[in-house]
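With chain A held as given, fit chain B onto it using these hints.
Chains A and B, in that order, give the protein sequences. Oh and the first sequence: position 58 is 76 in the numbering used here, straight run, nothing missing. Oh and the second sequence: position 389 is 417 in the numbering used here, straight run, nothing missing.
Any given hint could be a false lead.
Distance condition first, Cα-Cα at most 20 Å in a straight line; then the derived SDA-like pairs of lysine to any residue [unchecked claim]: (1) A/288 to B/258; (2) A/288 to B/61; (3) A/181 to B/258; (4) A/288 to B/68.
In case anyone wonders, no lab produced these hints; they're calculated from the structure. Since this is a predicted model, take the numbers as computed values, not measurements.
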Amino acid sequence: MQFLTLLCALLLLSSLVYRLGRGRALHLSVGPGGVLHSLPSYYGYYVLLWCGVPALIVVAGWLIGEPMILKALVVSSLQQGDGDMSAARLSLLMNEVRQMSANGDYRFASDAVTRAAAERYHSLHALSSVAMATVALTSASAGAWLGLRRVSLQLRARNVVEKAVSLLLVASSTIAIFTTIGIVLTLLFESLRFFHRIPLGDFLFGLKWSPQTAIRSDQVGSSGAFGAVPLFTGTLLISVIAMVVAVPIGLLSAIYMAEYAHPRFRSVAKPLLEILAGIPTVVYGFFAVMTVAPFLRDSAAAFGVTISVESALSTGIVMGVMIIPFVSSLSDDVITAVPGNLRHGSYALGATRSETIREVVLPAALPGIVGGVLLAVSRAIGETMIVVMAAGLSAHLTANPLESVTTVTVQIVTLLVGDQEFDSPKTLSAFALGLVLFCVTLALNIVALNIVRKYREKYD
Amino acid sequence: MTEPNLSRSAGGNAAAVRRLQRRYRAERRFRLYGIAAIASALLFLAVLLVTIVVHGASAFVETRLLLPISFDAATLDPDRAHDKATLSGADYRALVNQGLVTLFPELADDRALRRDLSRAVSQGADSELRRMVLDQPALIGTTREIWLPVSAPADQLFKGKVPHNSDSGLSDATIARLDALQSVGKLRLSFNRYLFTAGDSRQPELAGLLGAIVGSFYALIITIGLSFPLGVAAAVYLEEFADKNRFTDLIEVNINNLAAVPSIVFGLLALEIFLNVLGLPRSAPLVGGLALTLVSLPTIIISARVALKAVPPWIREAAQGLGASRQQMVLHHVLPLAMPGILTGTIIAMARAIGESAPLLMIGMVAFVVDIPATPLDPATALPVQIYLWAASPERAFVERTSAAIIVLLACLVVMNATAIYLRKKFERRW
Numbered sequence: 019m020q021f022l023t024l025l026c027a028l029l030l031l032s033s034l035v036y037r038l039g040r041g042r043a044l045h046l047s048v049g050p051g052g053v054l055h056s057l058p059s060y061y062g063y064y065v066l067l068w069c070g071v072p073a074l075i076v077v078a079g080w081l082i083g084e085p086m087i088l089k090a091l092v093v094s095s096l097q098q099g100d101g102d103m104s105a106a107r108l109s110l111l112m113n114e115v116r117q118m119s120a121n122g123d124y125r126f127a128s129d130a131v132t133r134a135a136a137e138r139y140h141s142l143h144a145l146s147s148v149a150m151a152t153v154a155l156t157s158a159s160a161g162a163w164l165g166l167r168r169v170s171l172q173l174r175a176r177n178v179v180e181k182a183v184s185l186l187l188v189a190s191s192t193i194a195i196f197t198t199i200g201i202v203l204t205l206l207f208e209s210l211r212f213f214h215r216i217p218l219g220d221f222l223f224g225l226k227w228s229p230q231t232a233i234r235s236d237q238v239g240s241s242g243a244f245g246a247v248p249l250f251t252g253t254l255l256i257s258v259i260a261m262v263v264a265v266p267i268g269l270l271s272a273i274y275m276a277e278y279a280h281p282r283f284r285s286v287a288k289p290l291l292e293i294l295a296g297i298p299t300v301v302y303g304f305f306a307v308m309t310v311a312p313f314l315r316d317s318a319a320a321f322g323v324t325i326s327v328e329s330a331l332s333t334g335i336v337m338g339v340m341i342i343p344f345v346s347s348l349s350d351d352v353i354t355a356v357p358g359n360l361r362h363g364s365y366a367l368g369a370t371r372s373e374t375i376r377e378v379v380l381p382a383a384l385p386g387i388v389g390g391v392l393l394a395v396s397r398a399i400g401e402t403m404i405v406v407m408a409a410g411l412s413a414h415l416t417a418n419p420l421e422s423v424t425t426v427t428v429q430i431v432t433l434l435v436g437d438q439e440f441d442s443p444k445t446l447s448a449f450a451l452g453l454v455l456f457c458v459t460l461a462l463n464i465v466a467l468n469i470v471r472k473y474r475e476k477y478d
Numbered sequence: 029m030t031e032p033n034l035s036r037s038a039g040g041n042a043a044a045v046r047r048l049q050r051r052y053r054a055e056r057r058f059r060l061y062g063i064a065a066i067a068s069a070l071l072f073l074a075v076l077l078v079t080i081v082v083h084g085a086s087a088f089v090e091t092r093l094l095l096p097i098s099f100d101a102a103t104l105d106p107d108r109a110h111d112k113a114t115l116s117g118a119d120y121r122a123l124v125n126q127g128l129v130t131l132f133p134e135l136a137d138d139r140a141l142r143r144d145l146s147r148a149v150s151q152g153a154d155s156e157l158r159r160m161v162l163d164q165p166a167l168i169g170t171t172r173e174i175w176l177p178v179s180a181p182a183d184q185l186f187k188g189k190v191p192h193n194s195d196s197g198l199s200d201a202t203i204a205r206l207d208a209l210q211s212v213g214k215l216r217l218s219f220n221r222y223l224f225t226a227g228d229s230r231q232p233e234l235a236g237l238l239g240a241i242v243g244s245f246y247a248l249i250i251t252i253g254l255s256f257p258l259g260v261a262a263a264v265y266l267e268e269f270a271d272k273n274r275f276t277d278l279i280e281v282n283i284n285n286l287a288a289v290p291s292i293v294f295g296l297l298a299l300e301i302f303l304n305v306l307g308l309p310r311s312a313p314l315v316g317g318l319a320l321t322l323v324s325l326p327t328i329i330i331s332a333r334v335a336l337k338a339v340p341p342w343i344r345e346a347a348q349g350l351g352a353s354r355q356q357m358v359l360h361h362v363l364p365l366a367m368p369g370i371l372t373g374t375i376i377a378m379a380r381a382i383g384e385s386a387p388l389l390m391i392g393m394v395a396f397v398v399d400i401p402a403t404p405l406d407p408a409t410a411l412p413v414q415i416y417l418w419a420a421s422p423e424r425a426f427v428e429r430t431s432a433a434i435i436v437l438l439a440c441l442v443v444m445n446a447t448a449i450y451l452r453k454k455f456e457r458r459w
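Isolated chain A (complex conformation) (with noise of 0.2 Å):
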């Protein structure tokens, strides 16, 4: 609350700010000679800035460095009462403590030193939040009246407001760079972090995957439990399975409507089949396991088959409907593309329409179909909630579509979610495998923007 309040009372100056930097200008062209190098509101801007910059230094600072030195201090006098604690007992300390001081309930402190330093705690951080408002206005109000004092009829307003707002927009593209450093660097140090424990070669080639018993170190054994052949097999045989549903509909829905559908048709239907694309895949989990998974159960159970609840086929066929949107809209493309004077050649030549298109067209868009069902592969690879919740826990190493297999998606959710713990390998696999995914996945992509951009060239 009282950050909302610096916040509000920040924008109430600099609002203020403005409006005298402009009037400031605005008084200064009245007199002899006023001709000023930039428009009014320039100098507004340009005193916020000298206002603003340093307001927004000052909390931004505060707020990372606040924790820090807070935890310091409260640390010191929890010590007081331990000689010497470990760091997680410390860190247990530290997150009562920070819970105790938020509620501003002490009742339940586990004992009178903690409760000290609780109170210490809150104690420090009410201060710490009044010297920070007080800190920030201060240098807004000092940067505001040295932006005033620097007004005049000479002052390049716009160049500075100019600089400073390309500045902004060469930091918010930046941001891309950056997440991508960050997925790297996280997953890379992560799992290196793993494969310190577990050896690379047991991990890509191993063919037993079960996390949960590695938990004892001293289990003899334990650490052959982290081979993830069972996982890429899982993940390779649902998407296939995907594929095999989504790249047939998809592509000959596409057809019809670039080739055959009638305007009108076109228009209905395919905002209809890119619903399927937007609704979102928790709704196709549900779907799966409440009404594909107990038909294709009960339907097969009448020829005599067995199928596992969880089957790979059920599934494949859910996530591959979800895909097909996809595949058939990036084939729309491709087959639009295709000139009409190949069409139009072959038609001189007395083929039929379907003729065309296997023989001429599709040959022609090849390349761009093969893009497409690339980036399709890579989506089923990485699609989570359908298999979190339609699939396996358990990895079988199976190419059996109507069992049950798991998949690395899978495997991460079920790793991390209520897991606090980061030391373990079992969490530490997580990131390896995350790290095998976007590799993965990557690798697809370029491959597929690769190709299809060969193609666009070679027709544009």
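Structure of chain B alone, referenced to chain A:
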């Protein structure tokens, strides 16, 4: 397509006629494949939507039972002090049991039977009675007939969702008494208030979506607040100011790749950076919003660039010709003209973000949260995650709740996408 006179075009050759007929049949077949493909996809869509609606529609109503409740002063307020603590700590289940005995006098001496029937009345009945008494202490000493919620098995039984026998989770004696009540009109369906006013609960009949809706709302606000300005700024830079060099190439490649990275990887990033390094609270919509910002930023940048590209060059030339600086040209002319397109793209990206659950699982927004989050820093779930949680619950009654939650989520998406389409239609300009 009417078929041409085959024998004439084949020159009267019988073999050629057959060949032509075969080719035309192949043509018709091929066309049929296309129609069948579209039809099967649309059929799947229809089955999905119909199943969800059929399963979920009944969750918008709940069964209530008309019980004569005598607000007995001896039970509620023995020392007549109207003390709030005494009143809220009183045994309201006793009132419910008393009401049941009034309806079925034979239960008075049979404790086991009474307890069995009492289990068909939801625990929510107790808290509703408590709230009534706390709101109007004058009720004490009076007798009222009150519609109270029944428990999930009884609710499912009345709605016909479970078999009419002991498989429903109720004993035969209880089912017989509920039937008797139904025949005299003391059971009825009314709008399910809990669904939209309560947080999550272990009791299906008391579980509501409000907590998840508020959580999603906070996360979405944060996502919009961050990803819209950042995305537009990045798109403006790349489209209008950036020189073609290796640095901007690098940014473009990064954005295109990030758009295709699985969302769960963003979840791993958020887990490591926001929770482990920055120490932000687990399960908080704030962190969820930050994670969703990372997920939706590439999409927004790409669609904003398309919108900026669609503004014709003569707008730019005219602005610069009149003496505007490049920034004035972009900020005063190009950006406002591209804004409808950018907004449409942003809304569509937000519709995606609101249905996204994988990154939220990673940062712990899957906890069982009863309280409605008051700030974006409180633990919360989000709508899609609530669907995931309820879908994993074993109780039969959660199936219709899950479907109802899906209906609510889909309704949100329809509203958002309809807004996007409306914006596009209204402001679309052909240059």
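(message) Could you work out which of the previously given hints the structure breaks and list their numbers from low to high?
(response) 1
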